[in-house]
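Q: Quick mapping for you: the protein sequence lines, in order, are chains A and B. Residue numbers for the first sequence, in full-length UniProt numbering: 1 to 195. Residue numbers for the second sequence, in full-length UniProt numbering: 1 to 310.
Bear in mind the hints are in silico, worked out from the structure with no lab data behind them. The beta-carbon is built from N, C-alpha and C at its ideal position, and this holds for glycine as well. Hints are all accurate, no fakes.
If you anchor each label on the Cβ, the simulated ranges turn out as follows:
1. A/Asp-91 to B/Gln-184: 19 to 27 Å
2. A/Glu-26 to B/Ala-155: 24 to 32 Å
3. A/Glu-26 to B/Tyr-74: 52 to 60 Å
4. A/Glu-190 to B/Lys-123: 53 to 61 Å
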Amino acid sequence: MVDYARVQKELVECNRDKDISGVSIELDNGDDLSHLSGRITGPIASPYEGGIFQIDIRLPGGYPFEPPKMQFITKVWHPNISSQNGAICLDILKDQWSPALTLKTALLSLQALLSSPEPDDPQDAVVAQQYLRDYPTFVGTARYWTDTFAKRASVGTEEKVQKLVEMGFPEVLVRKTLDIVGGDENLALEKLCTG
Amino acid sequence: MGNNEKVAVAEEEKKSVNEVVEVAIETSYVDNDDWATYRDDEVMQQHNAIQAEEAHKLPFVGDKEPLSALAAEYQSGSPIIQEKIKLLGQSFSAIRRTRGDGNCFFRCFMFAYLEHILESQDKAEVDRIKANVEQCKKTLQNLGYAEFTFEDFFALFLEQLESVMQGNETSISHDELLTRSRDQSVSDYVVMFFRFVTSGEVRRRAEFFEPFILGLSNMTVEKFCKASVEPMGEESDHVHITALSDALGVAIRVMYLDRSSCDTGSVSVNHHDFVPSISDSPNGTTNAVAAKPVMTLLYRPGHYDILYSK
Numbered sequence: 001m002v003d004y005a006r007v008q009k010e011l012v013e014c015n016r017d018k019d020i021s022g023v024s025i026e027l028d029n030g031d032d033l034s035h036l037s038g039r040i041t042g043p044i045a046s047p048y049e050g051g052i053f054q055i056d057i058r059l060p061g062g063y064p065f066e067p068p069k070m071q072f073i074t075k076v077w078h079p080n081i082s083s084q085n086g087a088i089c090l091d092i093l094k095d096q097w098s099p100a101l102t103l104k105t106a107l108l109s110l111q112a113l114l115s116s117p118e119p120d121d122p123q124d125a126v127v128a129q130q131y132l133r134d135y136p137t138f139v140g141t142a143r144y145w146t147d148t149f150a151k152r153a154s155v156g157t158e159e160k161v162q163k164l165v166e167m168g169f170p171e172v173l174v175r176k177t178l179d180i181v182g183g184d185e186n187l188a189l190e191k192l193c194t195g
Numbered sequence: 001m002g003n004n005e006k007v008a009v010a011e012e013e014k015k016s017v018n019e020v021v022e023v024a025i026e027t028s029y030v031d032n033d034d035w036a037t038y039r040d041d042e043v044m045q046q047h048n049a050i051q052a053e054e055a056h057k058l059p060f061v062g063d064k065e066p067l068s069a070l071a072a073e074y075q076s077g078s079p080i081i082q083e084k085i086k087l088l089g090q091s092f093s094a095i096r097r098t099r100g101d102g103n104c105f106f107r108c109f110m111f112a113y114l115e116h117i118l119e120s121q122d123k124a125e126v127d128r129i130k131a132n133v134e135q136c137k138k139t140l141q142n143l144g145y146a147e148f149t150f151e152d153f154f155a156l157f158l159e160q161l162e163s164v165m166q167g168n169e170t171s172i173s174h175d176e177l178l179t180r181s182r183d184q185s186v187s188d189y190v191v192m193f194f195r196f197v198t199s200g201e202v203r204r205r206a207e208f209f210e211p212f213i214l215g216l217s218n219m220t221v222e223k224f225c226k227a228s229v230e231p232m233g234e235e236s237d238h239v240h241i242t243a244l245s246d247a248l249g250v251a252i253r254v255m256y257l258d259r260s261s262c263d264t265g266s267v268s269v270n271h272h273d274f275v276p277s278i279s280d281s282p283n284g285t286t287n288a289v290a291a292k293p294v295m296t297l298l299y300r301p302g303h304y305d306i307l308y309s310k
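Next comes chain B alone, as it looks inside the complex:
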C-alpha cells in the first residue's frame, strides 16, 4: 500500500469513527428503562431491603425451642420427614434456629462452639484452638493477604473466646453471649473471621480441595474462595465445613433431614461427622484424628440449625 493510500484510509477511518461517536452519544441516552441501566447502589439497595425483611422474621441466632417446634412445622408435610423428626426426638431435645441469610452455617458454628466453651470451661481446648487460630493467621500471611484486611476479625473472635471463660473482668453470661450473637457488629465480624479461616485452609490445601470444588461448581480454587467463601451471605457446602473443621480442629456432626429413604421402606436419619484431619506430614497425606463432635447441626436442604442432645 502506498503512502498516499495509507493516508487516505486513515482519513476515512477517522471520519467513520467520528460519525460513530456522534451516533453513540445520541443513542446512549435512550433505553433508560433497561435493567442494564440500574446503578450498583440501586441493586444493593434492593438487596439490603430483602435482607431487612428477613431480619424481622428471625434474629441471627434464635431462642432454644423444644424439638416439637420442628415437628409442628411439618404437621401436614411429608410423612418421611415426620418420621425422621420422631427419630431425632429420641436423641435430641431442642433446636436453635439461625437466620437463613447464607451465613447460617458459620453462625451455628459460632454460637454452638462458644456455648460449648462457656458450659465446659475447657481451658485446654481454648489453648488448643488459639494455637490453631495463630496458624490460620500465618496461612493468610503466607497467601499474601494484607494484615489489615483480617486482623480485626481475628481479634474480635479471640475476644469472644476470652469472654466466655469465666472469672475475668470481661467474662460474659449465657444471655450476653446470645445478645452478642444477635448484634451485627459482633456476629458478622465472627462470621467473617470464619470465612477468612475457611478460605485460607481451602487455598493452603488447594490440591486436596480442587476435585470437590470442580464437582460443585466448575470453578478454580482461587475463584471459588473469592466467589463462594469470602463474600458474606454465600452459603456453605461440604467444602466449607471440611475446611473450617480442619483448620480449627473442631469436629462437627451434621444430621440430614430430607426426604430420602431406603428402598426397604425403613426410615433412618443420615448423619455425617466432619472430623478434623491434619495434613502437615511432608508427603501431603492426611491423618484423621479421632475427635468427638462438639456440636450437632441439623441440615435441611439449604439451611443449618443447631441441635441439642438429650
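Chain A extracted, bound-state conformation:
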C-alpha cells in the first residue's frame, strides 16, 4: 500500500520552488496518486540545455520502501538512458534507494545525471560508446535530440494548428489559443477542451 499521505506532502514540497529547482511533479491520471508525471529542465551548459524532459513516475505498493519507477517519456540521447524506451540506469532508483529520499531528490538526481553522465555504467551501450570514443559527435547528437524532442516550440506552428484543427477545433480559435500558451500544443489542447 503506497503511503499516499506522504505522496501528497511530497507533491506540495516539490512544486513549491519548481521555478528555482527546475523540477516539478504533476498527477498523470486524475486522482491516481500512484501514477505521476515529472518534468525536469535540461541543465545549463549541457547538451540538454533548453529542453524540457517528461518523466513517467509510477509508485509501487511498497513506496517509500521500494523506489519509484521512473522512465523518460521524452526521447533523450544519454549514456545512462535508453534511447529506445527511456529506461534509466541510476543507482538510487534501484538498490541505493532509501525512504530518506524523495521524488524531488530523485528528479534532481536525474537532472544531475544529465549534467554528468556515467558512461562506465551505461544503460545504452551505443550512446556510451559514442560518448567515450567520439565526444564531440555525442554532444552534437544529444543537442540534436534535445532540439527535436525536448523543445515543444521547435515543432512547426502550422503542424500544431493542423493537428488541433483535425481534432475539430476552429482554426481561428486554435491559433489564438496557441498564441496565449506560447506555442505549447498540450497546454493549448487542455485550454481548448476546458473551453
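Fit chain B to the supplied structure of chain A, relying on the hints for placement.
A: Just chain B, lined up with the frame of chain A:
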C-alpha cells in the same frame, strides 16, 4: 577564420551530426540481449525474488533457541569455532537468530531493546531514550531533512516503546512484540528509524567518523550515509553501531565468533563493548559514560544474532 569559412564548417558539422543521428537511431535497436538493456524494474524484480527466497528460511526475528542449536551448526566445522561456542555456553544460554537481509544488526537492536524494556519496565530508561529520540529529530532537521521523510518512522518507534510498557490500553505481550517484529509494516519502519538516527549521528559528528569511514570504504561521510546507512539492506559495521549506540545512549556488547586465536593456542571469545559517549562539550572531545550493556549480540562475519545470558 573568415565568415564564409565558418559557415562552411558549420554546415559540415551539421551534416555530420545528422549522419550520426541516423546511424545512432539504427544501431540503438541492436544488442537487445545485452545486460545493459535490462530495465530498472527487471533488476528490482530479481532483487525482490532473492529476498522472497530468503524470507522462507527465517522470519525477520526468529524464536529463542538453546545455544546447542548454534553448536549443531558447526558439528563438522572448525575446531576453534567449536571451542569458542563451548566457552560462550558458560555465560550464555540461548540465541535468537535474525534474517540475513542486511538489516540484521538493526533488527537485533530493535528486538533486544524493546524486549529489555518489556521485561524491566524501566520507566526512567524510557524517558531517557525519548529525550534522545527528540534530540535525533532535531539533528535531522538541522541537517536539512524534510520532516515528512522521517516523521512516520519516528512515530512508529515511539509507539512500540509505549506499548511495551504495561498498564496501558495499548500495552502488548511478549508474543505480540515478536509478532510485530516479524510484521514488515512495523519491523521495516523501526529499522528505517534506526537508519535515520544512525545517519544523523554520523553526519552530525562527521569529523569524528570521517577517519573510520575512509578506512572502511574510501567514501566521504555524506556519500557513506547515502550509500551505506540510509538504504534498507545495507549491512552495518562498527561505524553504524557506534553511531546508533551514541545517539540513543544505549550500550551494546558484541561477542565475536570467528576463527581467530592466540599464538599460544589458547582460545578465548573476543568481545567489544560499544559504550555511548557524549560529545556536547564545546571543544568537541568525547566523554565515555559508564553504562552496562543492555544487550549482547553475537557477531559472525557478515551477520548479527541476539545472545541471552544465563
